[in-house]
Amino acid sequence: MATELPDAEYRSRLREIRGKLANTDADAAVWFAATSIHYVSGFEHVQTERPVCLAVTDERIEIVVPRLEVERVEEVDRIDAVHHYFDYPQGRPIETVAEMLDGLGADKVAADSDGAPGVMGYEGPALSEFVDVETQSWVSRMRWEKTDAEIDLIRESAKWGNLAHRYLAEYTEPGAHPATVSQRASMEASRAMLDTLGDQFVENVRGDGPAHAGYISAHETALPHGHTPNQWLERGDVLITGAGANVDGYRSELERTMFVGEVSSEQEHYFDLMLEAQDIAIDALGPGVPLSYVDEQVWEFYEEQGITDLAQHHVGHNIGLGGHEPPYIDQGWGGYDQVDDTDTEMQPGQVYTIEPGIYTDGEGYRHSDTIAITEDGIEWLTYYPRDLDSNVITE
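Quick note, our numbering runs 19 ahead of the 1-based positions in the sequence shown.
Keep in mind the hints are simulated off the structure, nothing from the lab. Treat the hints with care, since some could be wrong.
[Stated by the list, open to error] Cβ pair distances, simulated, as ranges:
id : residue 1 : residue 2 : range
1  : Arg160    : Gly307    : 17 to 27 angstroms
2  : Gln331    : Val411    : 18 to 28 angstroms
3  : Asp328    : Glu287    : 37 to 47 angstroms
We put the beta carbon where it would ideally sit given N, CA and C, even for glycine.
Given the sequences, and given the hints that come with them, work out the whole structure.
What follows is the structure in structure tokens.
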């Protein structure tokens, strides 16, 4: 039962980063993106208008944070020094970053961006006003392939997501409100997860529980990112569910198309088409397979069935610390300007959501499963039943 990324993973990441740094003429590598900072150092924070900046040299790791993060970041023993400003806008975050870099002897840096991103109203000077900056995307690329330890955490996430989804199905019935059903299922799964893991659970959530499950229903299912409607469930409603759990920051994705009480022949028809499209996508997965090929196979099926007008998105995306990560299973991936020729194919360690969807004027149909690419094939990480009978809510 994996619940926390071992320290050896961070040591390995730092070795790789320092190797990349050594191949440049930069004195330090710098990150402003919260997920990259988490990936490199293990320090997790909510990115706000208050910039945070991590710097790595061949010998040290230092960080700039706002005052309110000082005590939290000091608990991360792999960070050698913490610098802070009081707050924004009264503080001067980039100037503080420049002072940190000066202390590190860094006149030139390889950074993920030329200064802090403009989040929640932040506006500030570019980092290049103080030091020479060349851009790099090392961490973004490193995150594509997961290690065995990372996949263990995603596998654990899928386990608790499955439990949350089972609670969701259990509590769903005509007359229930989707919002309260979702809250109840998430609470019960989180309680079970916390009771089971005990002190092995890594605090990585704020306010919410670690496991979640919910759905959109009725007409909102026709919108891939629809909202939870303010209406009580009725017999014949279509549901598109979603469930997962946060395990040391890593996520999985489980979605199902479900029906309340009864299924019309039209609904069964579209469900079967959706399920076949997902089967086609999954059958096409594997190491060395072009990402564009998988999406093309599904699109060919849509063309054969005359339903291309019912498609609204590509087959899926990578997942890990982020809910959506590249690479994307998309027909355009091979021709994407930022993709090297060597990055057009699926590789062992990549973890994908497989979620082709069909959307009529009134309803949507989509399953999503989280699947890892292995050396010789694939591994299903989510495992809730996919067949029609298992996804009908009976009274």
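A quick look at each hint next to the structure:
1. The hinted range of 17 to 27 angstroms is satisfied by Arg160 and Gly307, whose Cβ atoms lie roughly 18 angstroms apart.
2. About 25 angstroms separates the C-beta atoms of Gln331 and Val411, a value consistent with the hinted range of 18 to 28 angstroms.
3. A beta carbon spacing of about 20 angstroms between Asp328 and Glu287 contradicts the range 37 to 47 angstroms that was offered as a hint.
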